[in-house]
Structure formats: structure tokens, C-alpha cells
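One line per chain: the protein sequences are Z and F, in this order. 126 is the number of the first residue of the first sequence in our numbering; add one for each residue after it. 27 is the number of the first residue of the second sequence in our numbering; add one for each residue after it.
No lab work stands behind these hints: they were computed from the structure. This structure is a prediction, so every number in the text was calculated from the model and none was measured. Treat the hints loosely; a few may be bogus.
Taking lysine-lysine pairs in the DSSO-like style, the calculated list, with each CA pair at most 30 Å apart, reads [unchecked claim]:
#1 LYS220(Z) to LYS182(Z)
#2 LYS183(Z) to LYS35(F)
#3 LYS236(Z) to LYS196(Z)
#4 LYS35(F) to LYS196(Z)
#5 LYS167(Z) to LYS236(Z)
#6 LYS182(Z) to LYS236(Z)
#7 LYS182(Z) to LYS193(Z)
#8 LYS183(Z) to LYS147(Z)
#9 LYS236(Z) to LYS220(Z)
#10 LYS182(Z) to LYS35(F)
#11 LYS147(Z) to LYS196(Z)
#12 LYS147(Z) to LYS236(Z)
#13 LYS183(Z) to LYS220(Z)
#14 LYS35(F) to LYS193(Z)
#15 LYS147(Z) to LYS220(Z)
#16 LYS193(Z) to LYS236(Z)
#17 LYS220(Z) to LYS193(Z)
#18 LYS35(F) to LYS236(Z)
#19 LYS220(Z) to LYS83(F)
#20 LYS236(Z) to LYS83(F)
#21 LYS220(Z) to LYS196(Z)
Rough simulated footprint, nothing fancy, chain F against chain Z, three-plus residues with beta-carbon under 8 Å [as the list claims (entries may be wrong)]:
#22 170 to 176
#23 203 to 210
Using N, Cα and C, we set each Cβ at its ideal position, and we do this for glycine too.
Chain by chain, the residues:
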Amino acid sequence: GENVEQHPSTLSVQEGDSAVIKCTYSDSASNYFPWYKQELGKRPQLIIDIRSNVGEKKDQRIAVTLNKTAKHFSLHITETQPEDSAVYFCAASRKAGGGNKLTFGTGTQLKVEL
Amino acid sequence: DSGVTQTPKHLITATGQRVTLRCSPRSGDLSVYWYQQSLDQGLQFLIQYYNGEERAKGNILERFSAQQFPDLHSELNLSSLELGDSALYFCASSVLSGGRADTQYFGPGTRLTVL
């Protein structure tokens, strides 16, 4: 089955700096890659996603890049703010037999310091 | 607010007991997913239903079962509970359209504590 590795496990940046979180996946058939932000005790909240027919996608301060050949994708947050502090999860998915499960990475605790 | 609702928010019970977690998907979504989040295992997929039928299964224990009802709400039943079953249980829903993997929207979760 699919395996998703995520690095780093913790990331501390100064307010205004950029943050980059990287994930690799094992199943070359995976074609959908969402990123979720989770605050303590809250639900995972979708912040951006990318499909395998696209190499990059941006939404304001957030961008995701995908390298299908290397089977890795990254989340880029620019001009970080204290409210960006949370745990970020990458995930990979594909349609298989009518199923559509998400396989998650282990999460990155992002701390934005003033 | 994602539009996915889950009840109860918190559940405290004893080992050996049985509990039922409930989820209502977003309006228009036909597919429901259950995930378990624990400190040592992260976010793990348990099971998926689409319009009442089981569609995918993860590493769900035999003590756990789920179903999706005609009104599309879903219930996750956990029996013979063990201390290690303490976790956050999330439900997610999606439209499940065509041949593409769908965006999944998560509910607020049920925090289960087994004492």
C-alpha cells in the first residue's frame, strides 16, 4: 500500500520568514495530494491540494509543488504569521476499486515565533 | 465549519464497553470516511462508505464496525474497548465523483477516552 513520509517533524521560523514542508510517497498511481492544517484538538482543515496533472498551485501565501518523477511534493508558506502555527499534514490518494482513502504523513509542527 | 457533524464531542468509558460514534456528512456528499488519530499512530484510515455500501477498508480492527444509513449518516461502533482505543475519531465526507479522488472535508471529531 501507499506510504507517505513527511519532513521535518518540527519547524520553527521567525514571523515573516518562509516555511517549507516536504513529503514523499511510494505509490506511483497516487494522483491527488492534499495538505491539511490542524490546530490542537481541532479537525484537519484542507488548505490546498494538487492533482498529478499539475506541477504547482498557489493560493495567496501558500503554494504546493509536485514532482511526479521523484514522487515528492512540498508545501511552501511565505510571509509566515503567528496564526500559521499548527500541525500540517500531507496526504496522498488515488481512486481504486471505488475507494478513495487518504494516506497521511506523520505531520509537521510549525511554530512561528514573533 | 466544514458542514460535517459528529456526535458526541467527548466520550469517556471503561475497558470492555461498547460505544457508537455518529457522523452526518455535508449536504450532497454521498461518501463517508472514518479516521483514527492517536499520538503514536497519527491519522489512520479506517473505513469508507458510499451511498450505503462499503467501498474501502483500512487497518480497522475486527472489534470495530461501521455502517451508512439511507439518510447517509454513518455510525462507527467500537466494542470490547481497550485502553489503546483512546483516540480522536474523525469522520470526513466527499462527493465521490467520476474517476478522480475527491476532496475530503473533516468533521470536528469525537474524543474517546477509555479508562
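Hint by hint, here is what the structure shows:
1. Annotation: proposed proximity of LYS220(Z) to LYS182(Z) holds, straight-line Cα distance about 21 Å (limit 30 Å).
2. In summary, the hint linking LYS183(Z) to LYS35(F) is not supported, as the alpha carbons are separated by about 34 Å, beyond the 30 Å threshold.
3. Restraint check for LYS236(Z) and LYS196(Z): satisfied, since their Cα atoms lie roughly 27 Å apart, inside the 30 Å limit.
4. Straight-line distance between C-alpha atoms of LYS35(F) and LYS196(Z) comes to about 37 Å, which puts the hinted pair past the 30 Å bound.
5. Between the alpha carbons of LYS167(Z) and LYS236(Z) the distance comes to roughly 17 Å, so the proposed pair stays at or under 30 Å and holds.
6. Among the hinted pairs, LYS182(Z) with LYS236(Z) is consistent with the structure: their alpha-carbon atoms are about 24 Å apart, no more than 30 Å.
7. With a C-alpha separation of about 14 Å, the suggested pairing of LYS182(Z) with LYS193(Z) holds against the 30 Å cut-off.
8. Annotation: proposed proximity of LYS183(Z) to LYS147(Z) holds, straight-line Cα distance about 16 Å (limit 30 Å).
9. Annotation: proposed proximity of LYS236(Z) to LYS220(Z) is violated, straight-line Cα distance about 34 Å (limit 30 Å).
10. Distance hint between LYS182(Z) and LYS35(F) is unfulfilled; the C-alpha atoms sit about 35 Å from each other, more than 30 Å.
11. A hinted pair counts as satisfied when its Cα atoms are at most 30 Å apart, and LYS147(Z) with LYS196(Z) qualifies at roughly 11 Å.
12. Our distance criterion of 30 Å between C-alpha atoms is met by LYS147(Z) and LYS236(Z), whose separation comes to about 16 Å.
13. For the hint linking LYS183(Z) to LYS220(Z), the alpha-carbon distance of about 24 Å falls within 30 Å, and the restraint holds.
14. Between LYS35(F) and LYS193(Z) the alpha-carbon distance is near 39 Å, which puts this suggested pair outside the 30 Å criterion.
15. At most 30 Å may separate the alpha-carbon atoms for a hinted pair to count; LYS147(Z) and LYS220(Z) meet this at roughly 23 Å.
16. Taking the CA atoms of LYS193(Z) and LYS236(Z), the gap is near 29 Å; set against the 30 Å cutoff, the hint holds.
17. Of the pairs offered as hints, the one joining LYS220(Z) and LYS193(Z) holds, with about 17 Å between alpha carbons and a cut-off of 30 Å not exceeded.
18. Distance check on the hinted pair: LYS35(F) and LYS236(Z) sit about 27 Å apart at the alpha-carbon level, within 30 Å; holds.
19. Annotation: proposed proximity of LYS220(Z) to LYS83(F) holds, straight-line Cα distance about 13 Å (limit 30 Å).
20. At roughly 35 Å between alpha-carbon atoms, LYS236(Z) and LYS83(F) are farther apart than 30 Å, so this suggested pair is violated.
21. Taken as a hint, the LYS220(Z) and LYS196(Z) pair is honoured in the structure, with Cα atoms around 17 Å apart against an allowance of 30 Å.
22. Residues of the segment 170 to 176 of chain Z with a Cβ under 8 Å from some Cβ of chain F number 4, which satisfies the need for three, so the listed coverage holds.
23. Counting residues of the segment 203 to 210 of chain Z whose CB falls under 8 Å from any CB of chain F gives 0; the rule of at least 3 is not met.
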